[in-house]
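**Student:** Each protein sequence line maps, in turn, to chains A and B. Using the numbering used here, the letters of the first sequence map in sequence onto residues 1 to 511. Using the numbering used here, the letters of the second sequence map in sequence onto residues 1 to 511.
Hint data in this document are derived by calculation from the structure and do not stem from the laboratory. Some clues are possibly wrong.
Note that identical chains are pooled: a pair holds if it fits in a single copy or bridges any two copies.
The calculated SDA-like cross-link candidates involving lysine to any residue, where the alpha carbons are at most 20 Å apart (straight line), are [claimed, not checked]: (1) Lys152 / Gly128; (2) Lys454 / Gln311; (3) Lys484 / Leu496; (4) Lys212 / Arg503; (5) Lys408 / Leu46; (6) Lys408 / Glu42.
2 protein chains.
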Amino acid sequence: MSAKRTRSGGRAQRRQERQGTAAPRLPYIQRGVGTYRLLDDEGLSLIEANAETILKEIGMEFRDDPEVLEIWRDAGADVQGERVRFEPGMCRALIQKNAPRQFRQHARNPEMSVEIGGDNSLFCPSFGPPFVHDLEGGRRYATLEDFRNFTKLHHMLPSVHHSGGVVCEPVDVAVPVRHLDMIYTHLRYNDKPFMGAVTAPERALDTVNMAKIVLGEDFVEENCCLYSVSNVNAPLVLDATMLGALKVYARHNQAVVVSPFILAGAMSPVTVAGTLSQLFAEVLAGLALVQLIRPGAPAVFGTFASPISMQTGAPTFGTPEGMQIQFCAAALARRLGVPFHSVGALTASKVPDAQAAYESAMQLQAAFLAGVNFIIHATGCLEGLLTMGYEKTVMDADICGALQAFSKGVDLSENAQALDALREVGPGNHFLGCEHTQRNFETAFYRSSLADNKSFEQWSDEGAVWHQDRAAKLWRQMLKDYEKPPMDEAVDEALLAYMAKRREEIGEGGA
Amino acid sequence: MSAKRTRSGGRAQRRQERQGTAAPRLPYIQRGVGTYRLLDDEGLSLIEANAETILKEIGMEFRDDPEVLEIWRDAGADVQGERVRFEPGMCRALIQKNAPRQFRQHARNPEMSVEIGGDNSLFCPSFGPPFVHDLEGGRRYATLEDFRNFTKLHHMLPSVHHSGGVVCEPVDVAVPVRHLDMIYTHLRYNDKPFMGAVTAPERALDTVNMAKIVLGEDFVEENCCLYSVSNVNAPLVLDATMLGALKVYARHNQAVVVSPFILAGAMSPVTVAGTLSQLFAEVLAGLALVQLIRPGAPAVFGTFASPISMQTGAPTFGTPEGMQIQFCAAALARRLGVPFHSVGALTASKVPDAQAAYESAMQLQAAFLAGVNFIIHATGCLEGLLTMGYEKTVMDADICGALQAFSKGVDLSENAQALDALREVGPGNHFLGCEHTQRNFETAFYRSSLADNKSFEQWSDEGAVWHQDRAAKLWRQMLKDYEKPPMDEAVDEALLAYMAKRREEIGEGGA
Numbered sequence: 001m002s003a004k005r006t007r008s009g010g011r012a013q014r015r016q017e018r019q020g021t022a023a024p025r026l027p028y029i030q031r032g033v034g035t036y037r038l039l040d041d042e043g044l045s046l047i048e049a050n051a052e053t054i055l056k057e058i059g060m061e062f063r064d065d066p067e068v069l070e071i072w073r074d075a076g077a078d079v080q081g082e083r084v085r086f087e088p089g090m091c092r093a094l095i096q097k098n099a100p101r102q103f104r105q106h107a108r109n110p111e112m113s114v115e116i117g118g119d120n121s122l123f124c125p126s127f128g129p130p131f132v133h134d135l136e137g138g139r140r141y142a143t144l145e146d147f148r149n150f151t152k153l154h155h156m157l158p159s160v161h162h163s164g165g166v167v168c169e170p171v172d173v174a175v176p177v178r179h180l181d182m183i184y185t186h187l188r189y190n191d192k193p194f195m196g197a198v199t200a201p202e203r204a205l206d207t208v209n210m211a212k213i214v215l216g217e218d219f220v221e222e223n224c225c226l227y228s229v230s231n232v233n234a235p236l237v238l239d240a241t242m243l244g245a246l247k248v249y250a251r252h253n254q255a256v257v258v259s260p261f262i263l264a265g266a267m268s269p270v271t272v273a274g275t276l277s278q279l280f281a282e283v284l285a286g287l288a289l290v291q292l293i294r295p296g297a298p299a300v301f302g303t304f305a306s307p308i309s310m311q312t313g314a315p316t317f318g319t320p321e322g323m324q325i326q327f328c329a330a331a332l333a334r335r336l337g338v339p340f341h342s343v344g345a346l347t348a349s350k351v352p353d354a355q356a357a358y359e360s361a362m363q364l365q366a367a368f369l370a371g372v373n374f375i376i377h378a379t380g381c382l383e384g385l386l387t388m389g390y391e392k393t394v395m396d397a398d399i400c401g402a403l404q405a406f407s408k409g410v411d412l413s414e415n416a417q418a419l420d421a422l423r424e425v426g427p428g429n430h431f432l433g434c435e436h437t438q439r440n441f442e443t444a445f446y447r448s449s450l451a452d453n454k455s456f457e458q459w460s461d462e463g464a465v466w467h468q469d470r471a472a473k474l475w476r477q478m479l480k481d482y483e484k485p486p487m488d489e490a491v492d493e494a495l496l497a498y499m500a501k502r503r504e505e506i507g508e509g510g511a
Numbered sequence: 001m002s003a004k005r006t007r008s009g010g011r012a013q014r015r016q017e018r019q020g021t022a023a024p025r026l027p028y029i030q031r032g033v034g035t036y037r038l039l040d041d042e043g044l045s046l047i048e049a050n051a052e053t054i055l056k057e058i059g060m061e062f063r064d065d066p067e068v069l070e071i072w073r074d075a076g077a078d079v080q081g082e083r084v085r086f087e088p089g090m091c092r093a094l095i096q097k098n099a100p101r102q103f104r105q106h107a108r109n110p111e112m113s114v115e116i117g118g119d120n121s122l123f124c125p126s127f128g129p130p131f132v133h134d135l136e137g138g139r140r141y142a143t144l145e146d147f148r149n150f151t152k153l154h155h156m157l158p159s160v161h162h163s164g165g166v167v168c169e170p171v172d173v174a175v176p177v178r179h180l181d182m183i184y185t186h187l188r189y190n191d192k193p194f195m196g197a198v199t200a201p202e203r204a205l206d207t208v209n210m211a212k213i214v215l216g217e218d219f220v221e222e223n224c225c226l227y228s229v230s231n232v233n234a235p236l237v238l239d240a241t242m243l244g245a246l247k248v249y250a251r252h253n254q255a256v257v258v259s260p261f262i263l264a265g266a267m268s269p270v271t272v273a274g275t276l277s278q279l280f281a282e283v284l285a286g287l288a289l290v291q292l293i294r295p296g297a298p299a300v301f302g303t304f305a306s307p308i309s310m311q312t313g314a315p316t317f318g319t320p321e322g323m324q325i326q327f328c329a330a331a332l333a334r335r336l337g338v339p340f341h342s343v344g345a346l347t348a349s350k351v352p353d354a355q356a357a358y359e360s361a362m363q364l365q366a367a368f369l370a371g372v373n374f375i376i377h378a379t380g381c382l383e384g385l386l387t388m389g390y391e392k393t394v395m396d397a398d399i400c401g402a403l404q405a406f407s408k409g410v411d412l413s414e415n416a417q418a419l420d421a422l423r424e425v426g427p428g429n430h431f432l433g434c435e436h437t438q439r440n441f442e443t444a445f446y447r448s449s450l451a452d453n454k455s456f457e458q459w460s461d462e463g464a465v466w467h468q469d470r471a472a473k474l475w476r477q478m479l480k481d482y483e484k485p486p487m488d489e490a491v492d493e494a495l496l497a498y499m500a501k502r503r504e505e506i507g508e509g510g511a
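Construct all of the structure, not just a fragment, from the sequences and the given hints.
**Tutor:** This is the structure in structure tokens:
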């Protein structure tokens, strides 16, 4: 390799480093590689049969929502009080008859729309943390400025394919109007798809209305533009809040994820097989309900299942059992024929240290190899989702980029086979200068924007900087370099006017 | 869960923490889970065909070893100078006719003997670093005391199944006699199997002789007690040093790994497919030679292939391409029908930070899911194998323990299905107190001995300790708690006498 080429590589690298990772900006990943299979068909059939037994014998509770109980009664389920029991196969048949195997969630920038399901995967930031963390400021309550910062970073990071939902809780904004600022931020500061509010039906409706202002009234009614998660309160309960949002989104033909939130051992049995049976029962009932409300509405099988420490009760992440549950649930979703949504770079660590990285890499890579279609919490998680980390975000995004590169699979073209290069070079020589290398080296290997591969001496001379400190430098530079994606001024004004009107309606007391 | 049970869990945990990880002390892993398949049969056949083309058209060089050239000539290969070319299928047939699919390497403690090949996997420490690193002392040249320390830690760590070879280079001992101290340390301070010296034939012979003192002369001649790696000097060269050791071990029926050492892009083409074809050609020729020297001798397919940065020339680790090469090579080894040896927790990081953990976790988990039988460099690597890390060793071992737990697969017993627990608890309640949880919680989930899952407040109150600092505390405590495994005093004296005699023979000038 000539010095000239090395320098040119350096310029390209610096350009890519300003983007945050060296991955190309793709809307989503079309997988060129297969999935890892943990349980065989016999084992999966056993879990499925147990889930049907649970639905038939124990049933699910749908709390404080008479309308939903009426829907189930009309569909022929056995409703007693708030407890609903189902004949074996009933929920499965409703889902398989109506739910799409794959669908497109539209972004306001059509180039960033995502395919959800099938052989596609995408990485989405963490959801829900009330705190943020960075090395300089430490851990503190999140603000709207933090929410905006993260949304800007996710806009720039090429291996993060979604703007997410509550990327952190902006606690400096009053709860009743907080969702308006979050929705606006997603729509204004990022051009990727995003998630809708689920904490109340009227907030879900605000999400739909604001999306309509940007994407068009008819377009939103006819296409999936929002993606929202309804958590099952494991074991076996769906409450009025989650049901309320679920109904709004389903009726508007927007994607609903039914995702049991399980700390295994506390909210499910202390075994992988028991947890799987329970969560599959919960998902079957939830997805069937979506199809009863609006047949054909995009509906996604979700899981969040992490074991607790049986010594202290604390949730644990990146564990062998958590990965086992995820591998099996992904296979159950494929057999059911719906897209699968599950967790990525989770960690219990409070800081961007090696624990955070080990746990995150294990679970993120497992999610990818499991074939998870929508990988939530792929970036930023600290402290078991109580904290969104700035350094952690760009650190995780770098690994997402590596997995995105892995997803292309092995190139078997004649160029990639490189027999001519082998003939040219021969035994005992090196390939650096050969014609094949000169032709391919710029695109050959994934290039991390954070890993330090320098010699010990050079690394020491440059200050012996640890990974988290390189990450701190990167995200700060990215925020300086950020440019707002373009938006029609009239649309922006309409959004702001809608928010002003709603703030007035909601008032101080809240809706 | 009662307070009493929690306390009892706490005691068990402390006991396990003193061991270094919470994994049980197993001699090796019997995999209850399958492997991840990256290339299909058609793709693998293409690589195999290209390897045969390389062997036929380009050939391999066997340098400075007329005896080996004579062996090849007798076997019918085309020998011109030091270049040897092979008819398609010749090497493959020699291997498949003679080499065992699986074999046992005997340890001096029979309970720690390992099965290599088939559905078995094991974790082995890093090999070769001239430096060591710990947080307090920083990076420095390794000494015999360091070598002894690491051997003690590996003896104690239950998810490290092998004592390794040059776990670090004890540079305070003269090169000509250094191997004697290393062999003695493995035999005396650890009861697990270990690797033999390969840097000269007479050092290989010393390894065989010292093993015979401990395990018995006849036993060593009749059983595999040593395991040694001969690196191919990629591309396509085996030199006299590696050939010399290879011949000694093969003639004594001890296991030989033929492992091309490849920095892809420099020592192989800059593509995954090209690198795979080359390394498979190298392995075929090397393993066939072993079978010509002693038909039936245990012979292992090894790889060490990491891409270099095409911008700086530095080796990189835990990369998507490195993982792709490993997944495919593992499949090639299974099709060939020999055990597979490859890399684990490699990193270019100089310190036990998040880069070290991300890169190590990605490659280690990939190695495990690829079905690598002998996972070398599973613990301790820093700085691309230039440094052996104390903190890194116990950090990696914790992840080895998690993968060992994962390897058991999903328990589908009636107890694990937990239908009774689900019936007992019902919707909206928790499982902590139920009979099933009481019966199973102690063995339910893998317990990391390093991860901190406490609340932010508790973690802060206890000093806000980062992962690497917990690791520093752990390895120091382990060395304090270390107890030498028992050895017959006469055997120990015989070893020391052999070393004294050999030191005299070798003298100051060296052998």
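**Student:** Taking the earlier hints as the rules, which of them does this structure contradict?
**Tutor:** none
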